[in-house]
Amino acid sequence: MSTLVLLRVVGHNMWSPQIGGKGRIIACDLLPMDPIVGVDFLQGDFRDELVMKALLERVGDSKVQVVMSDMAPNMSGTPAVDIPRAMYLVELALEMCRDVLAPGGSFVVKVFQGEGFDEYLREIRSLFTKVKVRKPDSSRARSREVYIVATGRKP
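All residue numbers for the sequence shown refer to our numbering, where the first residue is 774 and numbers rise by one.
Hints were generated in silico from the structure; no laboratory data involved.
It is possible that part of the hints are untrue.
[Unchecked claim] Label pairs and their calculated CB-CB ranges:
no.: 1; residue 1: Met848; residue 2: Gly811; range: 30 to 36 angstroms
no.: 2; residue 1: Ser899; residue 2: Pro805; range: 34 to 40 angstroms
no.: 3; residue 1: Lys836; residue 2: Leu815; range: 14 to 20 angstroms
no.: 4; residue 1: Leu823; residue 2: Ser916; range: 19 to 25 angstroms
no.: 5; residue 1: Asp891; residue 2: Ser835; range: 21 to 27 angstroms
no.: 6; residue 1: Pro857; residue 2: Lys836; range: 26 to 32 angstroms
no.: 7; residue 1: Asp807; residue 2: Ser911; range: 18 to 24 angstroms
no.: 8; residue 1: Ala875; residue 2: Gly811; range: 16 to 22 angstroms
no.: 9; residue 1: Leu829; residue 2: Arg915; range: 22 to 28 angstroms
no.: 10; residue 1: Ser835; residue 2: Ser912; range: 31 to 37 angstroms
no.: 11; residue 1: Pro805; residue 2: Ala853; range: 30 to 36 angstroms
no.: 12; residue 1: Glu918; residue 2: Asp834; range: 30 to 36 angstroms
no.: 13; residue 1: Val906; residue 2: Ala853; range: 21 to 27 angstroms
no.: 14; residue 1: Lys927; residue 2: Leu804; range: 33 to 39 angstroms
Think of the CB as a built atom: it goes at the ideal place given N, C-alpha and C, for glycine as much as any other residue.
Work the whole structure out from these sequences, hints included.
As C-alpha cells, this is what we get:
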C-alpha cells in the first residue's frame, strides 16, 4: 500500500507548486518516510480506525483542497483477489474526500480497472464537476492501473 496525501492551502492557488507558510501537507503511509520540510507524516495503515482518527485530528475542523491517493494492496497476480482489495482502498479514499474535501477541491486516485470500477467512476462523477481517467506512460500496457483526476467538488 502506498501514500495518501491531504493538502490544505489557505488563501493560495491550490495548483501552486509551493505550499509556503499558508498551508500544510499531511501524508500517511505504511512505510517510513524521510522527513520533508512542511509535511506532517503519519506512519500507519489507512484501513486502521486509529490511523483514520489520527488523520482526521490532524486535519481538524478545516477542509482540504486536494486528496491524492496512490494506495494499492500487495498484488497476488490473481485479479479476483486483487481488484476487490484495491477497490476497498479507493472506497476508503473517497470516504475521506467526503469527510474533508472542500467544495471546489480535487481528488486524484490510483484505481485498478475491473469489477466495481464503472460504479466507482459514476460515483466520483456525481461528486465532481470534471473527471478524467488517465493511464500513466510509465504503466505497463497490460496493467489495469489508471488514475482518476476529479476537480471541482460539488457542494
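Okay, the hints, checked on the actual structure:
Taking 30 to 36 angstroms as the suggested C-beta distance range, the pair Met848 and Gly811 conforms, at roughly 32 angstroms. Range check, Ser899 to Pro805: Cβ separation about 37 angstroms, and the 34 to 40 angstroms hint holds. Judged by the Cβ atoms, the range 14 to 20 angstroms given for Lys836 and Leu815 holds: they are separated by roughly 18 angstroms. The supplied range of 19 to 25 angstroms is broken by Leu823 and Ser916, whose beta-carbon atoms lie about 33 angstroms from each other.
The given range of 21 to 27 angstroms is broken by Asp891 and Ser835, whose C-beta atoms sit roughly 33 angstroms from each other. Checked against the given bound of 26 to 32 angstroms, the beta carbons of Pro857 and Lys836, roughly 30 angstroms apart, stay inside it. Taken as a hint, the range 18 to 24 angstroms holds for the pair Asp807 and Ser911, whose Cβ atoms sit roughly 22 angstroms apart. Distance hint check: the CB atoms of Ala875 and Gly811 are about 20 angstroms apart, consistent with the given range 16 to 22 angstroms.
A beta carbon spacing of about 38 angstroms between Leu829 and Arg915 contradicts the range 22 to 28 angstroms that was offered as a hint. Range check, Ser835 to Ser912: Cβ separation about 34 angstroms, and the 31 to 37 angstroms hint holds. With their beta carbons about 32 angstroms apart, Pro805 and Ala853 fall inside the hinted range of 30 to 36 angstroms. In this structure the hint that Glu918 and Asp834 lie 30 to 36 angstroms apart at CB holds, the actual value being about 35 angstroms.
Between Val906 and Ala853 the beta carbons are some 23 angstroms apart, a value that agrees with the proposed interval 21 to 27 angstroms. Lys927 and Leu804 have their C-beta atoms about 34 angstroms apart, which keeps the hinted 33 to 39 angstroms range intact.
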